[in-house]
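Top line first, the protein sequences correspond to chains A and B. Going letter by letter, the first sequence gives residues 1 to 437 in our numbering. Going letter by letter, the second sequence gives residues 1001 to 1437 in our numbering.
These are computed hints drawn from the structure, not numbers from a lab. Backbone N, C-alpha and C fix where the C-beta goes; we use that ideal spot for every residue, glycine too. It is possible that part of the hints are untrue.
[To be verified] In silico BS3-like links for lysine-lysine, alpha-carbon gap of 30 Å or less: (1) K390/A <-> K1033/B; (2) K1071/B <-> K71/A; (3) K68/A <-> K1055/B; (4) K368/A <-> K344/A; (5) K388/A <-> K1033/B; (6) K71/A <-> K1033/B; (7) K1219/B <-> K1233/B; (8) K1068/B <-> K71/A; (9) K1033/B <-> K436/A; (10) K388/A <-> K1316/B.
[Claimed, not checked] Example chain B residues on the side facing chain A (calculated, C-beta under 8 Å, incomplete): (11) F1261; (12) D1264; (13) R1370; (14) T1380.
[To be verified] Ranges between beta-carbon positions, derived for each pair: (15) M17/A <-> R1315/B: 39 to 49 Å; (16) R315/A <-> K1390/B: 18 to 28 Å; (17) K256/A <-> S1427/B: 42 to 52 Å; (18) E294/A <-> Q1116/B: 50 to 60 Å; (19) R1315/B <-> T62/A: 37 to 47 Å.
Number of protein chains: 2
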Amino acid sequence: MINIVTPSTLPGFMELMPQDQILFNKMMDTIRKNYERFGFLPLDTPIIEKSEVLKAKGAGETEQQIYKVVKGHTDMSMRFDLTVPLAKYVAQYYSQLSFPFRRYQIGKVYRGERNQRGRFREFYQCDIDIIGDGSIGLINDAEIPSVIYSTFKDLGFDSFKIVINNRKILNGLFNSLNIEDTVGVLRTVDKIEKIGRDAVEAELTELGCSPESIVELFKFLEIVGTNDEILAKLKTLDYKDPVFIEGRDELETVVKYIRDFGVDEANFQIDLTIARGLDYYTGTVYETMIEGYESMGSVCSGGRYDDLAEFYINRKLPGVGISIGLTRLFYQLKEANLINFDTKDYTKAIVIPMDEAHIEASIELVAKIRNAGFNALVYTENAKLGKKFKYADSINAEYAIVIGDNEIANARYSLRNMETGEQNEFSAEEIVDYFKR
Amino acid sequence: MINIVTPSTLPGFMELMPQDQILFNKMMDTIRKNYERFGFLPLDTPIIEKSEVLKAKGAGETEQQIYKVVKGHTDMSMRFDLTVPLAKYVAQYYSQLSFPFRRYQIGKVYRGERNQRGRFREFYQCDIDIIGDGSIGLINDAEIPSVIYSTFKDLGFDSFKIVINNRKILNGLFNSLNIEDTVGVLRTVDKIEKIGRDAVEAELTELGCSPESIVELFKFLEIVGTNDEILAKLKTLDYKDPVFIEGRDELETVVKYIRDFGVDEANFQIDLTIARGLDYYTGTVYETMIEGYESMGSVCSGGRYDDLAEFYINRKLPGVGISIGLTRLFYQLKEANLINFDTKDYTKAIVIPMDEAHIEASIELVAKIRNAGFNALVYTENAKLGKKFKYADSINAEYAIVIGDNEIANARYSLRNMETGEQNEFSAEEIVDYFKR
């Protein structure tokens, strides 16, 4: 007697049915194609690393979420993002790499999140980063939004907004206003959308901000308008703080280059309130919102950082990058019915032999279709015709071709569109030509 | 002071430089494209599963190699192959799947192998399987070699041999010869290439085979020749055992269909001595050898099994499948200098602005090249021209385009082939047309 174990998947681990997996893969392929088109080189680092390497920086709140791996005596863990492995990689192979080092990586990462709908413990991140040796030009800060733009266009979205800011503007402002608890104030300001102005004001007071500085802060935060209007208003502020001025000038240059890269003005917007994390980003920061679905949060975020790998190498390696959390994005888009792909063209044709005597002819026909580059298969089992068509439906084949004695005798095949039911008679060569058109 | 942690990668975990990663990805893409063209649906199961699920069958010798995962209270492990997760998946979603269920999966698996050159603890498997509900036609056994054939052709190989056999022939023979320790004798016979005839004979005697049965066994094992010769010789053997006869007939049918699928006779060969594992496969079995590099061992193996998921579901789900161990294969091909791809066409062009004044024009040109579908980038940093060209070389860009005042004034650009040094002057549109040709 075999002892049956109930087959089940761990909670928080996405596992899709094949038709959904086709959609997921189409999204991933689209992202990858865009990353490659922008000249990013591929990387694929191990999912497991030494714990001391992963935690070199101190994993912070992520520490509690780390999956530990046990085998032999080495203290190992599963990566919780793709940035730490990149930092390790760049430090480790520094002398063999050319800078700017432009790499993309698409891979699974692991975090022991609290179990709740739409939160995943195993999920794909799709990252690009451009790493400089000592310094890295501002043009790179502008190229990143153009990658986001191109990628989300190809994912089938028109109404999305890339939101940009420069952390130096906020930091410089805080200097000018004698706000010392930069981190605390940034964290509070970051919450304005969530908790509202009054709550933010109260928190700021608690953090030791003077009433005057709070007034100035809000005056600043209320700078809105078109990109050019915001840039113009920023120039009228007379803060002399050099960091503020640097941030303002950088933002202006970045906006100019973003336009050069051909990003539509409707798809990017300066927002002086976004800060995007607290201790990591140091210049330009990005978020991406699907318009009408802002509750999803940012679907693609990132920014510029001063030093990627300071915990692994004694060299300054500044960079700029973004990440798309694909697993969560796919889940959200699916829930909102916003996936802009279908699976219809995955399986182009299924060839159905009437019975065993027609298998050879079916094999020959399917070979011709495959050789032309299309995905196709033969239905191989004995079954009633109705069952065979049901199968063709279930795998979402675009066309079905039934082969019997007549078809073989005449070398003409009836091509049935599985969606419309429309049928047309073709020779094998005509079928391939028809598919190619 | 920051505490520097030495960046290092765990032994047995492959981590490639970008140019090698491009090659690796080309191989993986080629395999995937072939699997899809044959109508296999994609699957992506979690890397971590409940230990009781992974070990339902009893992991056998693999047990010692399993990576355990610790987070919370669930007993979890990392998958050691893609077959057990497939069995779990098919049992779990049985009622939602259509059979024959044709799936491919390409993903990383984990085994704590002894640390030695060319052995990996994290490695990619690229699997296809066709699973039937109750039964699955013999035509599927023939289609699998046609997938191997198409895949290895596309990987750039001509001289490879798909070796096939049918386990029932061996099993039936053993019945006829009253050999009881089937498993032991199969294991011994399997070693004939490694340890030679005399050692096998001695072992067989130890296993209780009579001198007569050993003579018969060797007579059988010496059946060689063309596929048709072997099939003909098999027919002259007068064993009446029904399993033997079934295996012989199956092999004959499979060979006929393999030919129908268009597999070149030079690329597949019956070999009655291959047994391919001991307790899993029950019918057709496959190995794939690169000719002249037989010491690599089989680079693609598999076969037919009676029951995929007996430990998870009370239904008979027979199937047939193969696996390519891509990480090891890549390592071996690289060592033998047998990779049939290059990285030249990955980065089509790098646009190099003479200095900052030429960045905008460079951005505009690179956008045109990208929009035409080619991978391209701008060199963004201030540097001497020599350094910029060195960079173009290091990323293996196919073409470099330097942009200065003259180029902008005339809207003509000098396209430099980085390999030959050849230069031609083109307009932006002509460059795109040239790339397309």
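Results for each hint:
The suggested pairing of K390/A with K1033/B holds, with an alpha-carbon distance near 26 Å, which does not exceed 30 Å. As the CA atoms of K1071/B and K71/A are separated by approximately 15 Å, the hinted pair is consistent with the 30 Å bound. For the given pair, K68/A sits about 20 Å from K1055/B by alpha-carbon distance, which is consistent with the 30 Å threshold. This hinted pair checks out: K368/A and K344/A have alpha carbons roughly 20 Å apart, not beyond 30 Å.
Taking the CA atoms of K388/A and K1033/B, the gap is near 25 Å; set against the 30 Å cutoff, the hint holds. Under the criterion of a C-alpha separation no larger than 30 Å, the hint pairing K71/A with K1033/B is inconsistent with the structure, at around 35 Å. Between K1219/B and K1233/B the CA atoms are separated by roughly 11 Å; this keeps the pair inside 30 Å, and the hint holds. The suggested pairing of K1068/B with K71/A holds, with an alpha-carbon distance near 7 Å, which does not exceed 30 Å.
A hinted pair counts as satisfied when its Cα atoms are at most 30 Å apart, and K1033/B with K436/A qualifies at roughly 17 Å. Restraint check for K388/A and K1316/B: the C-alpha separation of about 21 Å stays at or below 30 Å, so the hint holds. For F1261/B, the interface hint holds, the least distance from its beta-carbon to any beta-carbon of chain A being 6 Å, beneath 8 Å. Against a cut-off of 8 Å between C-beta atoms, the interface hint on D1264/B is violated, since the closest Cβ of chain A lies about 13 Å away.
Interface restraint check: R1370/B against chain A, minimum CB-CB distance 5 Å, threshold 8 Å, status holds. A distance limit of 8 Å between C-beta atoms decides the matter here; for T1380/B the minimum to chain A is near 4 Å, and the interface restraint holds. For M17/A paired with R1315/B, a C-beta distance near 19 Å fails the hint of 39 to 49 Å. In this structure the supplied range 18 to 28 Å holds for R315/A paired with K1390/B, their Cβ-Cβ distance being about 19 Å.
Range check, K256/A to S1427/B: about 25 Å between beta-carbon atoms, so the 42 to 52 Å window is missed. Remark: the range hint 50 to 60 Å for E294/A to Q1116/B is upheld by a beta-carbon distance near 54 Å. At about 43 Å, the beta-carbon gap between R1315/B and T62/A stays in the expected band of 37 to 47 Å.
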